[in-house]
Structure formats: structure tokens, C-alpha cells
Amino acid sequence: MSVAPAALAAPALAQSNQTIRLVVANSPGSGTDQVGRLVAQQMQTRLGASAVVVENRSGASGVIGADLVAKARPDGNTLLLTAAIFAITGTKPDLPYNVRRDFAPVSLVAMLPTLLVVSPQFPARTFHEFVAYARANPGRVTYGSLGAASTQTLAGGLMKLRLGIDLSNVPYREAGPLMTELMSGQVDASFNNIVTTLGAVQSGRLRPLAVALDERWPALPDVPTFRELGMPELQASSWIGMLAPAGTPAPLVARYASVVRESLAVPEVRSRIIESGGLPVGSSPEEMGRFLGTEIDTWGEVVRLTGVRLD
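My numbering applies: residue 474 is where the sequence shown begins, and numbers increase by one.
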């Protein structure tokens, strides 16, 4: 009896005596970690594995966890769950791995959309008014951000490149002081995760101007998307993605992507991710590969042209 080539290439999928390591390149309790644990529970059941163990390997802007997976055996027993920082740091010359060569894309798990907000005292009430004011006052409009290598920080650089406006970055170590000074008007604007700012927006303590999504966020139906405003290139959001070591058999990668998609379709999983500020996706490996390539190119250009330091 003949056997199809794909069947020959694919090892047994998560046999009952196998343990799959899901390496999360973020600390316990982070958004990526929470999503990872939700997905891991579903994967264990659907794959029939003895366990899908979440292993937090944070540090060095996600490099420690990514390096561990890049050097793991490509047998399907080690996976990486990472965020946009993976693409942002991808152009660093001293990385111990190559972001394009050493990983097999599995699935884009979720988007973590960014909301552009301004303080109530800021004169602009719409995004176009914001851009006009920034152009008329170069370097005077401030935006708060967390960390150098974050979508919050680089979103300002992206605006500068695409729109020709000069915003001044005010870095913070923690989200609390940033939100306090933003609401009081000491900082003009910020690019924040929706959940972080939703309460302040709904209570009128912050004014939303645009959201980085293809469609409007259900809880903020009056806030336009950058795409609606004719600025799709400003879709500066974070995301959560799954990758495997390069060389992992394609049928196995496809199976994992299918299981991720099935997991995200579970109502409880989907609702919990949305409540935490994410938008479940569950893409194919090919879609994840194209998305990741675009992210690496986009953020690489921003880092290169703005001179932002990633260390």
C-alpha cells in the first residue's frame, strides 16, 4: 500500500507521552502569557498531548525566549509565543538568531490594537485636527510611551515618517504615571492598548482619536480606524504570534495552526481575549509569514530612519 509523501514527512502529532513546550517570551501575568495559557489548555486537549506546558522565558526584549526556540530541535515539541517586539528587535545586528531564517511561522494568534488618545485639554478633537496642530507646532506635541522598543514609542516615529509631523517622545517606566500625567494634560497624547485606556475614555478623562484596526472596536463604535481616515499605514498595533523552530515539518506546523484557530473559536477563549484587549485571529502559517515579514520591514525602517535605540 502506498503512503502519501505528506504522511511520510509528518511525525506523530503530539502522542500521549509527549510534552509540548510553549515558550512565552514575556513574564508571567503579561497579556501574551495570559493568551498563551488559554491556548495551551485547548491545544493539549485537541492534540492529545500529555501536556502543553507554558514556560516563561522573558528578558532582553524577548530575545532570551526566542533564542531558546531558535536553537531547539525542530520536532514540533517546542513552540514560541511572542509579541510585536520580536519584529521590532529583528533588525538588531547582534541577535543570536535570524528572525527570517531561524523560525517557521505558525499562526497570528491575536492583535492587540492601539488607540491614539489625547488629554481632554488638548485642542484637537479629531485625528485630522491633531495632525494639523502638530504640523503647525513642530516638536511641541508630546506623547508618552513605555520603553524604547515598543509599538507605543515607535508609533510616533511612524507618524513622523508617513505624515511628516514631529512629535516629542516622553518615556515612562510604568503605565500608572503615564496615565496620570496624560489625563492631567502634562503629556498631550499616547498610543495605548485599548483596555488600558478604555475606562478613562468612557469616563471622559481621555479623548480617543483613532484606533489601529481594520474595523471599529465594539466598545468604542464612534472612534474611527486609521484605515477609515485614509491612513492604513498607521496601523501601529502590537500582536501575539506563534512560531516554531525552522525545519519543523510543514504538516505539523499546519496542524498546530489549525488547532490554534479551533481554540480561538471557543466562545470562552474568544471572550476572555477580547476582554483583555486582544482581537483573536488564528491565521494560517502562510498568512503569519507574510504578516511577520511586513512587520519586520516596517519597524526596521522606523528604527533605521528615526535612530531609536533598541537596547
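In case anyone wonders, no lab produced these hints; they're calculated from the structure.
Idealized CB from N, CA, C, for every residue including glycine.
Please note that the accuracy of each hint is not assured.
Each computed SDA-like pair below joins lysine to any residue, with the alpha-carbon atoms no more than 25 Å apart [stated by the list, open to error]:
id: 1; residue 1: 544; residue 2: 770
id: 2; residue 1: 565; residue 2: 720
id: 3; residue 1: 544; residue 2: 704
id: 4; residue 1: 633; residue 2: 648
id: 5; residue 1: 565; residue 2: 619
id: 6; residue 1: 633; residue 2: 646
id: 7; residue 1: 544; residue 2: 702
id: 8; residue 1: 565; residue 2: 742
id: 9; residue 1: 633; residue 2: 645
id: 10; residue 1: 633; residue 2: 593
id: 11; residue 1: 544; residue 2: 778
id: 12; residue 1: 633; residue 2: 494
id: 13; residue 1: 565; residue 2: 644
id: 14; residue 1: 565; residue 2: 771
id: 15; residue 1: 633; residue 2: 702
id: 16; residue 1: 633; residue 2: 779
id: 17; residue 1: 544; residue 2: 524
id: 18; residue 1: 544; residue 2: 612
id: 19; residue 1: 544; residue 2: 686
id: 20; residue 1: 633; residue 2: 760
id: 21; residue 1: 633; residue 2: 643
id: 22; residue 1: 633; residue 2: 623
id: 23; residue 1: 633; residue 2: 610
id: 24; residue 1: 565; residue 2: 593
id: 25; residue 1: 633; residue 2: 500
id: 26; residue 1: 633; residue 2: 544
id: 27; residue 1: 565; residue 2: 523
id: 28; residue 1: 544; residue 2: 529
id: 29; residue 1: 633; residue 2: 686
id: 30; residue 1: 633; residue 2: 731
id: 31; residue 1: 633; residue 2: 612
id: 32; residue 1: 544; residue 2: 687
id: 33; residue 1: 544; residue 2: 517
id: 34; residue 1: 633; residue 2: 609
Between beta-carbon pairs, the in silico distance windows are [stated by the list, open to error]:
id: 35; residue 1: 675; residue 2: 779; range: 27 to 35 Å
id: 36; residue 1: 503; residue 2: 566; range: 37 to 45 Å
id: 37; residue 1: 602; residue 2: 528; range: 28 to 36 Å
id: 38; residue 1: 678; residue 2: 734; range: 34 to 42 Å
id: 39; residue 1: 649; residue 2: 544; range: 21 to 29 Å
id: 40; residue 1: 658; residue 2: 521; range: 49 to 57 Å
Here is how each hint holds up against the structure:
For the suggested pair residue 544 and residue 770, the alpha carbons sit about 24 Å apart, so the restraint of at most 25 Å is met. Distance check on the hinted pair: residue 565 and residue 720 sit about 23 Å apart at the alpha-carbon level, within 25 Å; holds. About 39 Å separates the Cα atoms of residue 544 and residue 704, which puts this hinted pair outside 25 Å; it is violated. For the hint linking residue 633 to residue 648, the alpha-carbon distance of about 24 Å falls within 25 Å, and the restraint holds.
In summary, the hint linking residue 565 to residue 619 is supported, as the alpha carbons are separated by about 20 Å, within the 25 Å threshold. Simply put, residue 633 and residue 646 have alpha-carbon atoms about 23 Å apart, close enough for the 25 Å limit, and the pair holds. Pair hint residue 544 plus residue 702 does not hold up; C-alpha atoms about 43 Å apart against a cutoff of 25 Å. Among the hinted pairs, residue 565 with residue 742 is inconsistent with the structure: their alpha-carbon atoms are about 35 Å apart, more than 25 Å.
For the given pair, residue 633 sits about 20 Å from residue 645 by alpha-carbon distance, which is consistent with the 25 Å threshold. The hinted pair formed by residue 633 and residue 593 meets the criterion: a straight-line CA distance of about 23 Å does not exceed 25 Å. In summary, the hint linking residue 544 to residue 778 is not supported, as the alpha carbons are separated by about 31 Å, beyond the 25 Å threshold. Using a Cα cut-off of 25 Å, the hinted pair residue 633 and residue 494 is violated, with the two alpha carbons roughly 40 Å apart.
About 21 Å separates the Cα atoms of residue 565 and residue 644, which keeps this hinted pair within 25 Å; it holds. Distance restraint check for residue 565 and residue 771: the Cα-Cα separation of roughly 14 Å lies within the 25 Å cut-off, and the hinted pair is therefore satisfied. With a C-alpha separation of about 17 Å, the suggested pairing of residue 633 with residue 702 holds against the 25 Å cut-off. As the CA atoms of residue 633 and residue 779 are separated by approximately 9 Å, the hinted pair is consistent with the 25 Å bound.
Our distance criterion of 25 Å between C-alpha atoms is met by residue 544 and residue 524, whose separation comes to about 21 Å. Proximity of residue 544 to residue 612 is assessed by CA-CA distance (about 44 Å); at most 25 Å being required, the pair is judged violated. Between residue 544 and residue 686, the direct Cα distance comes to roughly 34 Å. Violation of the 25 Å bound is thereby established for this hinted pair. A distance of roughly 28 Å separates the Cα atoms of residue 633 and residue 760; the hinted pair therefore is violated under the 25 Å criterion.
A hinted pair counts as satisfied when its Cα atoms are at most 25 Å apart, and residue 633 with residue 643 qualifies at roughly 15 Å. With a C-alpha separation of about 16 Å, the suggested pairing of residue 633 with residue 623 holds against the 25 Å cut-off. For a cut-off of 25 Å, the pair hint linking residue 633 to residue 610 stands: about 13 Å separates their Cα positions. In summary, the hint linking residue 565 to residue 593 is not supported, as the alpha carbons are separated by about 38 Å, beyond the 25 Å threshold.
A C-alpha spacing of about 31 Å is found between residue 633 and residue 500, which places the hinted pair above 25 Å, so the restraint is violated. Annotation: proposed proximity of residue 633 to residue 544 is violated, straight-line Cα distance about 37 Å (limit 25 Å). For the hint linking residue 565 to residue 523, the alpha-carbon distance of about 37 Å lies beyond 25 Å, and the restraint is violated. For the proposed pair residue 544 and residue 529, the alpha carbon gap of about 16 Å is at most 25 Å, so the pair holds.
For a cut-off of 25 Å, the pair hint linking residue 633 to residue 686 stands: about 20 Å separates their Cα positions. Simply put, residue 633 and residue 731 have alpha-carbon atoms about 39 Å apart, too far for the 25 Å limit, and the pair is violated. Of the supplied pair hints, the one linking residue 633 and residue 612 holds, its CA atoms being roughly 11 Å apart against a limit of 25 Å. Only pairs whose Cα atoms come within 25 Å are accepted, and residue 544 paired with residue 687 is rejected, the gap being roughly 35 Å.
As the CA atoms of residue 544 and residue 517 are separated by approximately 23 Å, the hinted pair is consistent with the 25 Å bound. With a C-alpha separation of about 14 Å, the suggested pairing of residue 633 with residue 609 holds against the 25 Å cut-off. With their beta carbons about 33 Å apart, residue 675 and residue 779 fall inside the hinted range of 27 to 35 Å. With their beta carbons about 27 Å apart, residue 503 and residue 566 fall outside the hinted range of 37 to 45 Å.
Taking the beta carbon of each, residue 602 and residue 528 are about 47 Å apart, not inside 28 to 36 Å as hinted. Look at residue 678 against residue 734: about 38 Å separates their beta carbons, and that is inside 34 to 42 Å. Our hint of 21 to 29 Å for residue 649 and residue 544 is violated, since their Cβ atoms are close to 37 Å apart. A beta carbon spacing of about 56 Å between residue 658 and residue 521 agrees with the range 49 to 57 Å that was offered as a hint.
The structure fails hints 3, 7, 8, 11, 12, 18, 19, 20, 24, 25, 26, 27, 30, 32, 36, 37 and 39 (numbered hints given earlier, in ascending order).
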